Amino acid sequence: MSPRRNSIGEFEELVLIITASLEGDAYGVTITNELEKQTGRSVGFNTVHTTLQRLEEKGLIRSAMGGATTERGGRRKRYFTITALGSRTLRDLKALRERLWKALPAKVLGITKG
Amino acid sequence: MPPGWMQTLLRQFADEDTVEETEGDLLEFYRQWETHLGRNRASWKYFYTVVTLLRPWKKKRKEFNNANTLIMIRSYLIMSWRTILKNKISSIINLSGLTLGLTTSLLILLIILKEVRYDQQHLKRDSIFMMLKHQKTSDGISTGRSTPGPMAEALRTDYPQVVHAARVAFFDDVLVHVNQSKLTASGIYAEPDIFRMMTYKPIKGEPAAALEANSVVLSKNLATTFFGDQDPIGQLLEIGGGYTLFVGAIIEEIPSTNTLKFQMAIPFKAFEKNSPWLTKWDDNRINTWVELNNPGNLAEFNAKVSSMITQRTQDQNESTFAYPLTRLHLYGNFSNGQPSGGFITIIWILVGFGVFMLLIACVNFMNIATAQSARRAKEVGVRKVMGAARRWIIFQFLNESLVITILSLVVAVGLCILLIPSFNLMMHTSISFEYNNGVVWMSALIVAFITALVAGSYPAFVLSRFSPARVLKGIVNRPGGSSLRRVLVTFQFVISISVLIGTIILYAQFDHVKTRPIGYDQENLVNVRLDSLASAKFEVVKNEVLKIPGVKSVTGMSGSILNSSASITGMDWPDKKPDGDFSVSMGEANYDWIQTMGLEIVNGRDFSQQFKSDENACLLNEIAVDRMGLANPIGSVVGGHTVIGVVGNFVYNNPSGVIAPMMITLTPDNVHRLYARIDNNDSWSETLASIEKTVKKISPEIEFDLRFTTDEYQHRFEELSNIGLMVSIFGGMTIFISCLGLFGLSGFVAERRGKEMSIRKVFGASNIRVLLSLSSDILKPVVLALLIVVPLSIWVAGMLLNEIVYHVQLQWWMFVQAGGIVVAVAFFVVLYHGLRTASESPAVRLKSE
Chain G
-10 MSPRRNSIGE FEELVLIITA SLEGDAYGVT ITNELEKQTG RSVGFNTVHT TLQRLEEKGL
50 IRSAMGGATT ERGGRRKRYF TITALGSRTL RDLKALRERL WKALPAKVLG ITKG
Chain R
2 MPPGWMQTLL RQFADEDTVE ETEGDLLEFY RQWETHLGRN RASWKYFYTV VTLLRPWKKK
62 RKEFNNANTL IMIRSYLIMS WRTILKNKIS SIINLSGLTL GLTTSLLILL IILKEVRYDQ
122 QHLKRDSIFM MLKHQKTSDG ISTGRSTPGP MAEALRTDYP QVVHAARVAF FDDVLVHVNQ
182 SKLTASGIYA EPDIFRMMTY KPIKGEPAAA LEANSVVLSK NLATTFFGDQ DPIGQLLEIG
242 GGYTLFVGAI IEEIPSTNTL KFQMAIPFKA FEKNSPWLTK WDDNRINTWV ELNNPGNLAE
302 FNAKVSSMIT QRTQDQNEST FAYPLTRLHL YGNFSNGQPS GGFITIIWIL VGFGVFMLLI
362 ACVNFMNIAT AQSARRAKEV GVRKVMGAAR RWIIFQFLNE SLVITILSLV VAVGLCILLI
422 PSFNLMMHTS ISFEYNNGVV WMSALIVAFI TALVAGSYPA FVLSRFSPAR VLKGIVNRPG
482 GSSLRRVLVT FQFVISISVL IGTIILYAQF DHVKTRPIGY DQENLVNVRL DSLASAKFEV
542 VKNEVLKIPG VKSVTGMSGS ILNSSASITG MDWPDKKPDG DFSVSMGEAN YDWIQTMGLE
602 IVNGRDFSQQ FKSDENACLL NEIAVDRMGL ANPIGSVVGG HTVIGVVGNF VYNNPSGVIA
662 PMMITLTPDN VHRLYARIDN NDSWSETLAS IEKTVKKISP EIEFDLRFTT DEYQHRFEEL
722 SNIGLMVSIF GGMTIFISCL GLFGLSGFVA ERRGKEMSIR KVFGASNIRV LLSLSSDILK
782 PVVLALLIVV PLSIWVAGML LNEIVYHVQL QWWMFVQAGG IVVAVAFFVV LYHGLRTASE
842 SPAVRLKSE
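Protein chains in written order, with the working numbering: chain G, -10 to 103; chain R, 2 to 850.
It should be emphasised that the hints constitute simulated quantities derived from the structure, not laboratory data.
Note that the structure is predicted; figures quoted are calculated from it, not measured.
Check each hint, because a few of them may be wrong.
[Claimed, not checked] If you only want the chain G side, here are some residues facing chain R, beta carbon under 7 Å, derived:
{"hint": "1", "residue": "17"}
{"hint": "2", "residue": "30"}
{"hint": "3", "residue": "32"}
{"hint": "4", "residue": "34"}
{"hint": "5", "residue": "35"}
{"hint": "6", "residue": "64"}
{"hint": "7", "residue": "66"}
{"hint": "8", "residue": "67"}
[To be verified] Computed far set for chain R versus chain G, every beta-carbon distance over 12 Å:
{"hint": "9", "residue": "29"}
{"hint": "10", "residue": "253"}
{"hint": "11", "residue": "567"}
{"hint": "12", "residue": "666"}
Every residue gets a Cβ at the ideal spot worked out from N, C-alpha and C, and that includes glycine.
Build out the structure end to end from the sequences listed, making use of the hints.
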């Protein structure tokens, strides 16, 4: 696994996690709304849209068109799901963070170990 | 809902791959924003997001890389081909209409390409000028190219602006002895400067130097005729029996696109020797060419030379000016002293005709396309349902018209190549199809392309607009513009009926002129051309010929009775008014002229050998006496000659023109034609043989050339009947192409009113009733065209005929004939669709609903 594929930015990581957490219901609108809800930041749809495309290019998520419904004037939704590579990347990132956290002296953060 | 234009913007320019879900997502957001932020702010936010999502370049790049495009184009080519094969009748109509239009345009294109190249081969063309001369007469100012002999020398010495000046005189059919054989040749007498001004490519020798050294310049072809494969340089030519010259230079054949063209140039000095009048300032018979060092200052130069003739003669009515070589051909005509076009007028008429033919072909194409619109609409509907964008359907229709136009172009090029020889023969042109000339091909392609675009535009933009849902349900939005088509078809018929009426009047006029009383008896009148030897011994020849049994009477003339090119202005006669000058044609005749020709003597008598004083006498024709206002013509002195007789007007020069005033003087020896009246009996051919024998006895070397005057006279109508033939072909073409248009229109009307007719039949209308109802609808444009044309053509024809002096009277049958022909032809054309619709079972038409 090349390091390049593995390396994703902070925002990409957030989008990836939220896509994974929404399970079957991850599409543009839900992802953006969830992101705003969780981070409290105002997130532009265009940013999310671009990020999703980039993640798909990197092979971390895949997408499929859903069925047509009347609610959006017949326009279908594109649902995103995390790929195996995506989950592994998230796991790797989590493991890396945990390793780093463990190595972190407790007094730096002003908390006691335990 | 967000504003529509923003959605359109998104749809047009966003990434095509994701536009559907993006649009949906944005719609959802918009609804959220609308509830939280209100409509206005939601719209703003929506707009902002749309803008950030636009990917215009990505979309374009994708389309160009799409391999489908190529497949589509190939498929459309195949489709076009199949459509052409499927609708054979309409394809043939389109093809023939377009072919006709393109063939005409191609021929016109070739003519124009040739004409604009006129005189362009001369490197110094912009500084070469021809000296012209305005002459005031009582009929207005006439402008001519003849100048006095000493003018060139005066220009050379007195005007520093003149670099070169050269005199040129033409000669026709001069007998040339080459080695042992005799040949006739035409060419020019020229001064050496002509070769320093004009660019005629030398092959051997140096033309200017050759003329300077008193030798002859020949064109390549003439040199080959004279000497075959021998080297022509240094060979001897005996010209006109008078003098012998060496050949000094050979030039390339001069293309026909030259104002000054010749095959042989003889030093002007040889001409000067025998022409004492060349020293006179009031005798204009030769051309003068000049080269100026500062052509930009032409106006200044012309102001200086304008009075050069009047300074040297008493004649105050002449003014001279230099006219550019490059304008001589296209703009060389003058009317009353002002430039009045020239060949350019013909070019514009031709261009108009070409455009008109193409336009009619395009209109036909549109008519036929709309006639088929119902069927094509379904095709369009299905295509759209299968996902074709409108621009692809537009492309498909344009492609169809392009394919058929290119096909027509191929046929037209073939036709052109086949037609050019007979076209040249008929029109006295010498155009050729230049295969290796890129301009020809390019212009032909451009013309074809524009035609295809114009022809295809209507079906392309109208038919592609159909909405698939409606079309496939059987509701066809009838395309509008049917009134436009009616106007166009009416216009077509206006033109074709005009041409038809024109042709009928033209032929009536021909007949009228052919049967014009000519004032003398042409039957049984023969003439023989005499050479210088026979001419010098005319007295003997005349007496010998008179001895032949069967010859009634003999006379001679210096020219032909059929024309007189010499004319004189400034003649004196008793009680002449100061502003009453006009030009008088001059003829020279021998004794027994009136008797031999069968002319009518109105007053006085013919020349007679009994009166020695007749050598200085003259005859006038009636019109001359009238215009001079001579109350007592006999005995009065006109132009230095005593009038002894007045001869009845007879036709000469233009057979349909005015009979101009003429003076005939007596010539005992300047006789180039012998006229004899012979008996029309069984032995007339023996009589002619005897004449030949007699003439040859006196002048053994003569090329015997005997003609019947009536044949010569009829010969002049050949050119006219060529014009008549051309106009008939033109007329036939316009009628043909208009009928194609009518056929298209009738198809359209039959299609549109098909259901109506079926319903009428269900309610009991007979086939005839249906046919009449349809045809009367379709024939309306023809009748309307007739109503427009007839009064218009009466007016125009009346005006044009008044220009011709001896003209036919307009008669009602001319118009009835034209109208009858057109209505009959049109009715037959309409019959096809009319009968088809009338005999159709109503069930077929009505079952679709």
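Now the hints, each set against the structure:
1. 17: Residue 17/G check passes; min Cβ-Cβ to chain R is 4 Å, inside 7 Å.
2. 30: 16 Å, violated
3. 32: 11 Å, violated
4. 34: 5 Å, holds
5. 35: 4 Å, holds
6. 64: Holds, about 3 Å.
7. 66: Because about 6 Å separates residue 66/G from the closest Cβ in chain R, which is inside the 7 Å limit, the hint holds.
8. 67: 4 Å, holds
9. 29: 4 Å, violated
10. 253: Holds: least Cβ distance 73 Å, greater than 12 Å.
11. 567: With a cut-off of 12 Å, residue 567/R remains clear of chain G, as the shortest Cβ separation is near 95 Å.
12. 666: At roughly 105 Å from the nearest Cβ of chain G, residue 666/R sits farther out than 12 Å, so the non-interface label holds.
Checked against the numbered hints above, the structure violates hints 2, 3 and 9; every other hint is satisfied.
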